Structures are given as structure tokens and as C-alpha cells.
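> What follows is the residue order along each chain.
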Amino acid sequence: AQRVTQPEKLLSVFKGAPVELKCNYSYSGSPELFWYVQYSRQRLQLLLRHISRESIKGFTADLNKGETSFHLKKPFAQEEDSAMYYCALRGSGYQKVTFGIGTKLQVIP
Amino acid sequence: GAVVSQHPSWVICKSGTSVKIECRSLDFQATTMFWYRQFPKQSLMLMATSNEGSKATYEQGVEKDKFLINHASLTLSTLTVTSAHPEDSSFYICSASVRLRGQGDEQYFGPGTRLTVT
Chain A
1 AQRVTQPEKL LSVFKGAPVE LKCNYSYSGS PELFWYVQYS RQRLQLLLRH ISRESIKGFT
61 ADLNKGETSF HLKKPFAQEE DSAMYYCALR GSGYQKVTFG IGTKLQVIP
Chain B
1 GAVVSQHPSW VICKSGTSVK IECRSLDFQA TTMFWYRQFP KQSLMLMATS NEGSKATYEQ
61 GVEKDKFLIN HASLTLSTLT VTSAHPEDSS FYICSASVRL RGQGDEQYFG PGTRLTVT
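Quick mapping for you: the protein sequence lines, in order, are chains A and B.
Residues in the first sequence are numbered consecutively from 1, following my numbering.
Residues in the second sequence are numbered consecutively from 1, following my numbering.
For the record, the hints were derived by calculation from the structure and aren't laboratory data.
If you're wondering where the values come from, they're calculated on a predicted model, not measured in any experiment.
Be aware that a few hints might be false.
Derived pair list, reagent style DSS-like, types lysine-lysine, alpha-carbon separation capped at 27 Å [claimed, not checked]:
id, chain 1, residue 1, chain 2, residue 2
1, A, Lys-73, A, Lys-57
2, A, Lys-15, A, Lys-65
3, B, Lys-64, B, Lys-20
4, B, Lys-41, A, Lys-73
5, B, Lys-64, B, Lys-41
6, A, Lys-9, A, Lys-73
7, B, Lys-41, A, Lys-15
8, B, Lys-55, A, Lys-57
9, A, Lys-22, A, Lys-96
10, A, Lys-73, A, Lys-22
11, B, Lys-14, B, Lys-66
12, A, Lys-96, A, Lys-65
13, B, Lys-20, B, Lys-55
14, B, Lys-66, B, Lys-55
15, B, Lys-20, B, Lys-41
16, B, Lys-64, A, Lys-96
17, A, Lys-96, B, Lys-66
18, B, Lys-66, B, Lys-20
19, B, Lys-14, B, Lys-41
20, A, Lys-9, B, Lys-41
21, A, Lys-9, A, Lys-57
22, B, Lys-20, A, Lys-96
23, A, Lys-96, A, Lys-9
24, B, Lys-41, A, Lys-22
25, A, Lys-65, A, Lys-22
26, A, Lys-104, A, Lys-22
27, A, Lys-96, B, Lys-55
28, A, Lys-104, A, Lys-65
29, B, Lys-41, B, Lys-66
30, B, Lys-41, A, Lys-104
31, A, Lys-65, A, Lys-9
32, A, Lys-96, B, Lys-14
If we take Cβ atoms under 8 Å as the criterion, some of the chain B residues that face chain A in the derived model are [to be verified]:
id, residue
33, Thr-17
34, Leu-44
35, Ser-97
36, Val-98
37, Glu-106
38, Phe-109
39, Gly-110
40, Pro-111
The beta-carbon is built from N, C-alpha and C at its ideal position, and this holds for glycine as well.
Build out the structure end to end from the sequences listed, making use of the hints.
Below, the structure is given as C-alpha cells:
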């Protein structure tokens with residue numbers, strides 16, 4: 001079974017402060033990990049995927065297999081980062097993606 | 001980028017009636033589409049995987065006779081909620097899968113359909 005855990009439903013930070021959205025997963029094989037973002041009144045969209053190893057909008061995420069984590073980080077939060085963030089996992093050889101419950105990021109001006 | 005549309009964006013229906021929701025990939029062909037359900041303040045729960053030209057694969061606990069899925073073409077999948085009840089009220093989201101070279105599949109999401117059953 002595959003499971004994604006996002007321990008925080010809400011994370012509030014001040015503008016300019018560092019951000020870390022936590023994500024832990026459970027999967028026996030080699031998963032693909034993703035972060036999706038949903039801005040207010042917009043559809044869900046892919047933010048980044050671990051195999052790309054890229055920084056999108058200043059966000060990065062490193063897959064830590066030892067800790068089974070894929071935390072999303074940004075050094076300096078901006079107001080436009082306020083949104084719902086979902087961590088997601090896809091098992092190897094499968095199309096099905098399992099989503100975490102989501103974390104609402106609120107950046108306080 | 002790839003765009004997925006859903007129609008209608010919201011619908012209110014009476015208990016016992018059926019409702020059809022359409023999911024279209026506008027500028028690409030999708031061999032696989034997914035249907036999700038999202039309750040307030042909860043995550044997306046996969047209902048079924050829809051492959052063009054074949055029967056949908058339903059997740060455990062999802063009634064296939066109640067949630068009929070038809071993937072008639074590479075750009076259209078429909079979800080029909082039959083004999084709707086108030087507990088079927090939810091936000092239904094579809095996504096379409098595209099295979100990227102060397103990067104596996106990527107899902108593009110529709111804007112969702114809010115269903116309210118009275």
C-alpha cells in the first residue's frame with residue numbers, strides 16, 4: 001500500500017521567512033514523489049517532481065529515502081506563495097497517484 | 001501547456017436523478033484519465049482510472065454501477081452519477097495523463113465540478 005502523510009493542515013509564516021512543508025511517505029518500492037499546488041480559485045497544478053531535481057518558484061524538495069520524506073522548502077516566503085500544497089506519490093510501474101491531505105500555506109505580509 | 005476542461009463546473013440535482021460530468025483534454029490526447037472526489041478540507045481520493053476504449057478500473061469501495069465511467073475517445077471521459085443521493089454531494093475532479101519523454105507520466109487536472117444533491 002502507498003500512503004502520504006502531511007502532518008500540518010495549516011502553516012503560517014511571515015513574508016521573507018523560510019518555509020518547510022513536511023511530507024512523509026510509505027511505500028515498499030521506489031516511488032515517484034510530487035508536489036502539487038492549488039492557488040485560490042484555481043485548479044490543481046504540478047509544482048515539482050523529485051526526478052526533475054529543479055527549483056520552481058524558489059521551491060525545492062529533496063527525496064530522502066532513509067527518512068522516507070519529501071519536504072518542500074523555500075528560503076524566503078512571498079505572499080503569492082499562499083495556497084494549498086499537496087504531496088503525492090506514484091508507485092513504480094503504476095499510474096495511480098496517491099495524495100496527502102494537503103497543507104494550507106498562509107504567508108502573512 | 002496541456003489544458004483539461006470539465007463541464008459543468010457546478011450542478012444541483014434532485015435526489016434520485018442522474019448527473020453526467022464531462023472531462024475533456026483540449027489540446028492533447030490522453031489515453032488515461034482519472035476521476036477523483038474531494039470532500040471539504042480533505043484530500044483527493046481516486047475513484048477510478050479510465051482508459052480509452054476499455055472498462056474503467058475502480059478503486060476499492062467505489063460502486064461501479066453508481067459511478068459510470070465512459071472513455072469514448074482520446075479526449076473525452078464522462079462520469080455519470082446514477083440515482084444521486086445527498087451523500088454524493090462533493091467536488092469531482094478529473095485529470096488526464098500525458099507521457100513525457102524520459103520523465104514518466106504527468107497529470108493535468110481539470111477545474112473540478114461541484115455536485116450538490118438536494
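> Give a verdict on every hint.
Here's how the hints hold up against the structure:
1. Distance hint between A/Lys-73 and A/Lys-57 is fulfilled; the C-alpha atoms sit about 11 Å from each other, no more than 27 Å.
2. Of the pairs offered as hints, the one joining A/Lys-15 and A/Lys-65 is violated, with about 31 Å between alpha carbons and a cut-off of 27 Å exceeded.
3. Restraint check for B/Lys-64 and B/Lys-20: satisfied, since their Cα atoms lie roughly 14 Å apart, inside the 27 Å limit.
4. Distance restraint check for B/Lys-41 and A/Lys-73: the Cα-Cα separation of roughly 23 Å lies within the 27 Å cut-off, and the hinted pair is therefore satisfied.
5. Straight-line distance between C-alpha atoms of B/Lys-64 and B/Lys-41 comes to about 25 Å, which keeps the hinted pair within the 27 Å bound.
6. The straight-line distance between the Cα atoms of A/Lys-9 and A/Lys-73 is roughly 16 Å, inside the 27 Å bound, and the hint therefore holds.
7. At most 27 Å may separate the alpha-carbon atoms for a hinted pair to count; B/Lys-41 and A/Lys-15 meet this at roughly 25 Å.
8. For a cut-off of 27 Å, the pair hint linking B/Lys-55 to A/Lys-57 is broken: about 39 Å separates their Cα positions.
9. Taken as a hint, the A/Lys-22 and A/Lys-96 pair is honoured in the structure, with Cα atoms around 22 Å apart against an allowance of 27 Å.
10. Between the alpha carbons of A/Lys-73 and A/Lys-22 the distance comes to roughly 9 Å, so the proposed pair stays at or under 27 Å and holds.
11. For the suggested pair B/Lys-14 and B/Lys-66, the alpha carbons sit about 16 Å apart, so the restraint of at most 27 Å is met.
12. A hinted pair counts as satisfied when its Cα atoms are at most 27 Å apart, and A/Lys-96 with A/Lys-65 qualifies at roughly 20 Å.
13. Under the criterion of a C-alpha separation no larger than 27 Å, the hint pairing B/Lys-20 with B/Lys-55 is consistent with the structure, at around 17 Å.
14. The straight-line distance between the Cα atoms of B/Lys-66 and B/Lys-55 is roughly 14 Å, inside the 27 Å bound, and the hint therefore holds.
15. At roughly 24 Å between alpha-carbon atoms, B/Lys-20 and B/Lys-41 fall within 27 Å of each other, so this suggested pair holds.
16. This hinted pair checks out: B/Lys-64 and A/Lys-96 have alpha carbons roughly 18 Å apart, not beyond 27 Å.
17. A threshold of 27 Å between alpha carbons decides the hint, and for A/Lys-96 with B/Lys-66 the separation of about 21 Å falls inside it, so the pair holds.
18. Distance check on the hinted pair: B/Lys-66 and B/Lys-20 sit about 12 Å apart at the alpha-carbon level, within 27 Å; holds.
19. Our distance criterion of 27 Å between C-alpha atoms is met by B/Lys-14 and B/Lys-41, whose separation comes to about 24 Å.
20. For the suggested pair A/Lys-9 and B/Lys-41, the alpha carbons sit about 9 Å apart, so the restraint of at most 27 Å is met.
21. With a C-alpha separation of about 22 Å, the suggested pairing of A/Lys-9 with A/Lys-57 holds against the 27 Å cut-off.
22. At most 27 Å may separate the alpha-carbon atoms for a hinted pair to count; B/Lys-20 and A/Lys-96 meet this at roughly 23 Å.
23. Straight-line distance between C-alpha atoms of A/Lys-96 and A/Lys-9 comes to about 23 Å, which keeps the hinted pair within the 27 Å bound.
24. At roughly 18 Å between alpha-carbon atoms, B/Lys-41 and A/Lys-22 fall within 27 Å of each other, so this suggested pair holds.
25. The straight-line distance between the Cα atoms of A/Lys-65 and A/Lys-22 is roughly 14 Å, inside the 27 Å bound, and the hint therefore holds.
26. Our distance criterion of 27 Å between C-alpha atoms is met by A/Lys-104 and A/Lys-22, whose separation comes to about 12 Å.
27. Our distance criterion of 27 Å between C-alpha atoms is met by A/Lys-96 and B/Lys-55, whose separation comes to about 16 Å.
28. About 25 Å separates the Cα atoms of A/Lys-104 and A/Lys-65, which keeps this hinted pair within 27 Å; it holds.
29. The hinted pair formed by B/Lys-41 and B/Lys-66 meets the criterion: a straight-line CA distance of about 24 Å does not exceed 27 Å.
30. Among the hinted pairs, B/Lys-41 with A/Lys-104 is consistent with the structure: their alpha-carbon atoms are about 10 Å apart, no more than 27 Å.
31. This hinted pair checks out: A/Lys-65 and A/Lys-9 have alpha carbons roughly 23 Å apart, not beyond 27 Å.
32. Straight-line distance between C-alpha atoms of A/Lys-96 and B/Lys-14 comes to about 32 Å, which puts the hinted pair past the 27 Å bound.
33. Interface restraint check for B/Thr-17: the shortest CB-CB distance to chain A comes to about 27 Å, outside 8 Å, so the restraint is violated.
34. With a least beta-carbon distance of about 5 Å to chain A, the hint placing B/Leu-44 at the interface is held under the 8 Å criterion.
35. Interface restraint check for B/Ser-97: the shortest CB-CB distance to chain A comes to about 6 Å, inside 8 Å, so the restraint holds.
36. Of the supplied interface hints, the one on B/Val-98 is violated, with its beta-carbon coming no nearer than about 11 Å to a beta-carbon of chain A, more than 8 Å.
37. About 6 Å separates the beta-carbon of B/Glu-106 from the nearest beta-carbon of chain A, less than 8 Å, and the hint is met.
38. Because the beta carbon of B/Phe-109 sits about 4 Å from the nearest beta carbon in chain A, less than 8 Å, this interface hint is met.
39. Checking B/Gly-110 against chain A by beta carbon gives a least distance of about 7 Å; that is within 8 Å, so the hint holds.
40. Hint status for B/Pro-111: holds, given a least beta-carbon distance of 5 Å to chain A, under 8 Å.
Going through the hint list in order, the structure does not satisfy hints 2, 8, 32, 33 and 36.
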